[in-house]
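Undergrad: Full structure from sequences and hints, please.
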Amino acid sequence: MPRENVMKWLRSQFMPHIWCPGCGHGIIMHAMLRALTSLGRDPDKTVISSGIGCSSRLPGYIDTCTLHTAHGRSLAFATGVKMVNPELTVIDVMGDGDCSAIGGNHFIHACRRNIGICAIVMNNSIYGMTGGQASPTTPVGAIASTAPYGAVDPPFDICRLATGAGATLVARATIAQPQLCESLIKKGIQHDGFSVIEIMTHCHTQYGRKNKLGRPLDNFNYFKERSVMKAKADSMPPEELEGKYVIGELFHKADGEEYTKKYARVIEKAGR
Amino acid sequence: MSRAEFWQGNKAIAMGGIDAGCRFFGGYPITPSTEIAEVMAEELPRLGGKFIQMEDEIGGIAATIGASIAGSKAMTGTSGPGFSLKQELLGYGYIAEIPFICVDVQRGGPSTGLPTKVSQGDVMQARWGTHGDHATIAYAPSSVQECYDLTVKAFNMSERFRQPVLIMTDEVVGHMRERIVIPDPSTLELIDRKKPSCAPDRFIPYLADESDDIPPMAAFGDGYHWHVTGLTANDWGFPTNNAQDIDKKISRILRKVEGKRSEVVEYTAESFGDADILVVSYGCVARSALRAVRELRSQGIKVGHFRPITIWPFADAELKKLVVDSDIKHVIVPELNMGQMSLEIERAVGGKAETHSKTLLNGELFKPSQIMAFIKEVA
Numbered sequence: 005m006p007r008e009n010v011m012k013w014l015r016s017q018f019m020p021h022i023w024c025p026g027c028g029h030g031i032i033m034h035a036m037l038r039a040l041t042s043l044g045r046d047p048d049k050t051v052i053s054s055g056i057g058c059s060s061r062l063p064g065y066i067d068t069c070t071l072h073t074a075h076g077r078s079l080a081f082a083t084g085v086k087m088v089n090p091e092l093t094v095i096d097v098m099g100d101g102d103c104s105a106i107g108g109n110h111f112i113h114a115c116r117r118n119i120g121i122c123a124i125v126m127n128n129s130i131y132g133m134t135g136g137q138a139s140p141t142t143p144v145g146a147i148a149s150t151a152p153y154g155a156v157d158p159p160f161d162i163c164r165l166a167t168g169a170g171a172t173l174v175a176r177a178t179i180a181q182p183q184l185c186e187s188l189i190k191k192g193i194q195h196d197g198f199s200v201i202e203i204m205t206h207c208h209t210q211y212g213r214k215n216k217l218g219r220p221l222d223n224f225n226y227f228k229e230r231s232v233m234k235a236k237a238d239s240m241p242p243e244e245l246e247g248k249y250v251i252g253e254l255f256h257k258a259d260g261e262e263y264t265k266k267y268a269r270v271i272e273k274a275g276r
Numbered sequence: 011m012s013r014a015e016f017w018q019g020n021k022a023i024a025m026g027g028i029d030a031g032c033r034f035f036g037g038y039p040i041t042p043s044t045e046i047a048e049v050m051a052e053e054l055p056r057l058g059g060k061f062i063q064m065e066d067e068i069g070g071i072a073a074t075i076g077a078s079i080a081g082s083k084a085m086t087g088t089s090g091p092g093f094s095l096k097q098e099l100l101g102y103g104y105i106a107e108i109p110f111i112c113v114d115v116q117r118g119g120p121s122t123g124l125p126t127k128v129s130q131g132d133v134m135q136a137r138w139g140t141h142g143d144h145a146t147i148a149y150a151p152s153s154v155q156e157c158y159d160l161t162v163k164a165f166n167m168s169e170r171f172r173q174p175v176l177i178m179t180d181e182v183v184g185h186m187r188e189r190i191v192i193p194d195p196s197t198l199e200l201i202d203r204k205k206p207s208c209a210p211d212r213f214i215p216y217l218a219d220e221s222d223d224i225p226p227m228a229a230f231g232d233g234y235h236w237h238v239t240g241l242t243a244n245d246w247g248f249p250t251n252n253a254q255d256i257d258k259k260i261s262r263i264l265r266k267v268e269g270k271r272s273e274v275v276e277y278t279a280e281s282f283g284d285a286d287i288l289v290v291s292y293g294c295v296a297r298s299a300l301r302a303v304r305e306l307r308s309q310g311i312k313v314g315h316f317r318p319i320t321i322w323p324f325a326d327a328e329l330k331k332l333v334v335d336s337d338i339k340h341v342i343v344p345e346l347n348m349g350q351m352s353l354e355i356e357r358a359v360g361g362k363a364e365t366h367s368k369t370l371l372n373g374e375l376f377k378p379s380q381i382m383a384f385i386k387e388v389a
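Respectively, the protein sequence lines represent chains A and B. Taken in order, the first sequence gives residues 5 to 276; the numbers are from the numbering used here. Taken in order, the second sequence gives residues 11 to 389; the numbers are from the numbering used here.
The hints are simulated quantities; they were obtained by calculation from the structure and are not laboratory data. This list has only true hints and no planted wrong ones.
Cβ-to-Cβ under 7 Å is the rule here; a few derived chain B residues that face chain A:
| id | residue |
| --- | --- |
| 1 | PHE34 |
| 2 | PRO55 |
| 3 | GLU65 |
Some chain B residues well away from chain A (every beta-carbon gap over 10 Å; in silico):
| id | residue |
| --- | --- |
| 4 | GLU15 |
| 5 | THR126 |
| 6 | THR197 |
| 7 | GLU199 |
| 8 | LYS258 |
| 9 | SER272 |
| 10 | ARG307 |
| 11 | ILE311 |
| 12 | ASP326 |
| 13 | THR369 |
| 14 | LYS377 |
| 15 | GLU387 |
Keeping only pairs whose Cα atoms sit at most 20 Å apart, straight-line, the calculated EDC-like set for lysine to aspartate or glutamate is:
| id | chain 1 | residue 1 | chain 2 | residue 2 |
| --- | --- | --- | --- | --- |
| 16 | B | LYS205 | A | ASP48 |
| 17 | B | LYS386 | B | GLU280 |
| 18 | A | LYS273 | B | GLU52 |
| 19 | A | LYS12 | B | ASP211 |
| 20 | A | LYS49 | B | ASP232 |
| 21 | A | LYS265 | B | GLU53 |
| 22 | B | LYS331 | B | GLU276 |
| 23 | A | LYS266 | B | GLU48 |
| 24 | B | LYS312 | B | ASP286 |
| 25 | A | LYS266 | B | GLU52 |
| 26 | B | LYS205 | B | ASP223 |
| 27 | B | LYS386 | B | ASP337 |
| 28 | B | LYS127 | B | GLU45 |
| 29 | A | LYS273 | B | GLU53 |
| 30 | A | LYS49 | B | ASP211 |
| 31 | A | LYS273 | B | GLU48 |
| 32 | A | LYS265 | B | GLU52 |
| 33 | A | LYS266 | B | GLU53 |
| 34 | A | LYS12 | B | ASP232 |
From the three backbone atoms N, C-alpha and C, an ideal C-beta is built for every residue, glycine too.
TA: Okay, structure coming up:
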């Protein structure tokens with residue numbers, strides 16, 4: 005992939021970005037831009053929406069139609085955008101707090117509607133921007149500033165949540181597999197329905213330092229060692245999968261009708 | 011051709027919105043506003059518009075803002091508890107300068123309060139409910155006709171000033187049915203948001219025109235790339251911590267409305283001149299108050315009536331002038347709250363007359379006889 009094609013999508017005038025050196029978010033942004041480039045998407049017809057947090061600063065650096073909304077609400081904003089103009093490619097980037105805490109309701113209902121939005125969940129298991137508080141994906145026992153004795157609440161499995169709620173394409177990768185990130189995001193964008201691409205990333209600054217993963221590379225290796233491709237995981241006993249990240253395409257339902265197409269039939273029925 | 015209908019206030023709001031060009035409604039059921047969503051669900055798809063019932067009140071306003079950014083005139087509606095939930099994103103609309111309409115059909119509060127009973131308990135929340143400073147435009151219709159007319163006007167103001175506009179109606183007006191004359195929609199004067207005319211690569215999304223302090227707004231998909239954020243941003247729409255940029259942004263979004271205040275403020279004034287008592291009321295209460303004032307006028311009591319149509323901006327200078335010019339001695343303010351607007355009215359009157367706050371909080375509307383009694387107390 006020629007570098008210039010990806011660079012064309014950047015608002016380089018707004019750099020340097022706010023992410024810490026070594027942050028995993030840049031890997032996700034790059035994968036997303038490679039996916040958009042190789043799909044030949046038109047920046048004039050692309051919308052990238054986000055909530056609040058480190059992950060959600062991503063759209064600001066991309067030269068397209070970008071919508072930095074309120075904490076947890078990005079999918080609800082994006083739903084309005086997609087409803088009015090179904091022609092637009094709509095990508096929604098969220099953090100784990102955005103997606104599964106404050107925005108959990110919007111998340112499950114976007115899944116249920118099967119609206120044509122590609123949701124990329126940048127899951128670093130922590131509230132990074134606010135200084136390292138426990139999130140709904142913080143592992144039990146992990147130290148966070150609001151869990152100084154170790155996190156008590158069991159974490160969400162975002163992919164299982166999405167599948168259960170009705171998303172028609174669900175996939176996971178970690179930042180240790182940048183090419184898989186790209187190919188899954190590509191599939192998510194092409195999917196005619198609601199897709200959820202969870203990408204495990206890290207916050208060595210706020211999470212890692214308290215949990216023996218203080219260097220960016222520690223995190224990269226951590227994900228690499230614990231990633232298991234879906235095909236292999238299918239033949240493994242559940243106890244062996246404890247603490248592992250099952251990666252790849254986890255769920256795909258090809259025949260679910262996309263929401264704006266369903267609504268087009270409502271318009272027809274109403275006698276337009 | 012114009013036509014007469016016998017409609018409920020809530021229906022008139024929905025139909026006024028549609029005739030003003032609204033093609034998106036983000037709804038969530040809540041008494042006593044639900045009929046607005048129901049009418050929209052039925053009517054919008056007939057026109058190729060979109061209705062969506064969202065998962066919660068916040069989703070309803072969020073989808074509405076998204077729809078507006080994608081280029082549609084858009085609206086949401088709610089009541090008390092839902093209005094509380096929508097406050098954060100109203101603030102988003104003010105700072106990101108997104109036009110849309112939010113209707114609040116007021117019911118008794120606090121909290122779940124009185125879902126089927128009237129109040130005017132949200133009028134200060136309309137002004138100050140969201141955090142941070144902003145200019146508020148809020149209409150208080152007192153008839154079904156005004157529900158229609160003021161919704162059209164609210165859309166025009168919202169599109170013109172590029173910010174949310176509120177319709178602060180109440181359970182009585184929202185559920186009341188009366189005769190209404192619907193103008194031929196082709197005769198309505200409608201305002202659409204300014205769009206950029208420059209080449210997309212020259213577009214500076216929040217660079218305001220000097221003439222009106224309002225930046226042109228592109229729709230997503232129009233070919234203009236821009237960044238929308240709830241963070242305080244510079245002219246490029248990019249978040250800033252620069253003191254000068256912050257000051258420039260916030261003072262402009264206040265000034266764009268306050269600088270045109272006289273073009274926004276609306277009120278009615280009746281029986282001034284020789285009056286020495288004045289009743290100030292708005293929304294459903296104005297119906298009882300006007301009846302009381304007219305009745306006592308016929309009995310020779312020198313009483314007048316002042317009705318703010320825009321409760322925000324409040325017609326303070328206009329009210330004061332009328333009070334001074336007519337040498338009013340007593341200002342009576344009946345409200346279905348603990349006197350929320352009476353303090354604003356007292357401030358406006360500035361000691362030129364004595365203000366009497368009259369409150370009712372039992373879920374009922376003042377009867378004309380009760381307001382007549384208030385007038386007689388000071389007559």
